[in-house]
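A.B. asks: Position 28 of the sequence shown, counting from 1, maps to 49 under the working numbering, and the rest follow consecutively.
Keep in mind that the hints were calculated from the coordinates and are not lab data.
Certain hints may be false.
[Stated by the list, open to error] Beta-carbon label-pair distances, calculated as ranges: (1) G66 <-> A126: 28 to 36 Å; (2) D164 <-> E116: 38 to 46 Å; (3) D44 <-> P65: 38 to 46 Å; (4) V190 <-> R97: 18 to 26 Å; (5) E196 <-> G139: 18 to 26 Å; (6) T67 <-> L188: 15 to 23 Å; (7) P69 <-> Q193: 29 to 37 Å; (8) E105 <-> P64: 15 to 23 Å; (9) S71 <-> D164: 36 to 44 Å; (10) P69 <-> R97: 14 to 22 Å.
A virtual CB, placed ideally from N, CA and C, is assigned to each residue, including glycine.
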Amino acid sequence: MMRAWLLSIALVMLAPGFVRADDLALSVKAAFMYKFCSYVEWPPGTFPTSDSPIVIGAIDSDPDMIRRLRETVEGRRVVERPIEVHEFSAAQVPERVHVLYLGPADYAHRGLSQRLKGTPVLIISDNPDGLSQGSSINFSLDDNRVRFDISLAAAEANRLKISSRLLAVARQVKEAAR
Numbered sequence: 022m023m024r025a026w027l028l029s030i031a032l033v034m035l036a037p038g039f040v041r042a043d044d045l046a047l048s049v050k051a052a053f054m055y056k057f058c059s060y061v062e063w064p065p066g067t068f069p070t071s072d073s074p075i076v077i078g079a080i081d082s083d084p085d086m087i088r089r090l091r092e093t094v095e096g097r098r099v100v101e102r103p104i105e106v107h108e109f110s111a112a113q114v115p116e117r118v119h120v121l122y123l124g125p126a127d128y129a130h131r132g133l134s135q136r137l138k139g140t141p142v143l144i145i146s147d148n149p150d151g152l153s154q155g156s157s158i159n160f161s162l163d164d165n166r167v168r169f170d171i172s173l174a175a176a177e178a179n180r181l182k183i184s185s186r187l188l189a190v191a192r193q194v195k196e197a198a199r
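Take these sequences, add in the hints, and give me the full structure.
C.D. replies: So this is what it looks like as C-alpha cells:
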C-alpha cells in the first residue's frame with residue numbers, strides 16, 4: 022500500500038505544468054506527514070481516549086504549509102482518530118501534540134527537540150541538520166524530489182516505534198546505538 026501511495030505521488034510530481042515546484046513540494050510534504058501517522062506507534066496512554074485526535078503542530082511555519090497540511094488531513098482519520106492541525110510558537114508547544122513539524126527557518130530547533138526528548142512526539146523537520154538536532158524524520162530535496170531520512174535513535178528517545186514499512190522507503194535510516 023505504501024509503495025502504491027508513493028508511486029501515485031511520483032506520478033503527480035512528473036506531471037508537467039500543473040503546479041509550481043514549490044507548491045508541489047508543500048503538497049508532497051503534507052501528504053507524507055499525514056501518511057507518517059499510519060506508520061508510527063505511540064506508547065500506551067499517549068491518547069486519553071480511543072477517539073482522541075492526532076494533533077499535528079507546526080512551529081512558526083509558512084502559512085502555505087499550514088494551509089496545505091490542513092487541506093490534506095481535512096475529514097481524514099488515522100486508525101479511527103481524527104487529525105487536527107495547529108500552529109504554535111516555539112514557546113507555546115502544548116503537552117498534547119503528537120506530531121511536530123519544524124520548518125526550514127526554525128532556529129529554535131535544537132532547544133525544542135531537547136525540551137521534548139522523552140515525550141511521545143514525532144518531530145519532523147525540514148532542515149539540513151534536522152536529524153542531528155533531534156528530529157525523528159527530516160525532509161530533504163534530492164534531484165527535485167522530496168525525500169525523507171529517519172533517526173531511529175530520536176524516535177526511540179521519544180518512545181515511538183516506526184514501522185519497518187516506513188523505514189523501507191526512507192532515503193536513509195540512522196540506526197539507534199545499541
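A.B. asks: Take the hints in turn and mark each one as holding or not.
C.D. replies: Cross-check of the supplied hints:
1. For the pair G66 and A126, the beta carbons lie near 34 Å from each other, so the given range of 28 to 36 Å is met.
2. Between D164 and E116 the C-beta distance comes to about 39 Å, which sits within the given range of 38 to 46 Å.
3. Under the hint 38 to 46 Å, the C-beta atoms of D44 and P65, about 39 Å apart, fit the expected range.
4. For V190 paired with R97, a C-beta distance near 20 Å keeps the hint of 18 to 26 Å intact.
5. Between E196 and G139 the CB atoms are about 20 Å apart, so this pair conforms to the stated range of 18 to 26 Å.
6. Distance hint check for T67 and L188: the Cβ-Cβ separation is about 21 Å, which falls inside the suggested range of 15 to 23 Å.
7. Checked against the hint of 29 to 37 Å, the C-beta distance between P69 and Q193 comes to roughly 35 Å, which is consistent with it.
8. Against the hinted window of 15 to 23 Å, the Cβ-Cβ separation of E105 and P64 comes to about 20 Å, which satisfies the hint.
9. For the hinted restraint 36 to 44 Å between S71 and D164, the CB-CB distance of approximately 42 Å keeps it satisfied.
10. Under the hint 14 to 22 Å, the C-beta atoms of P69 and R97, about 21 Å apart, fit the expected range.
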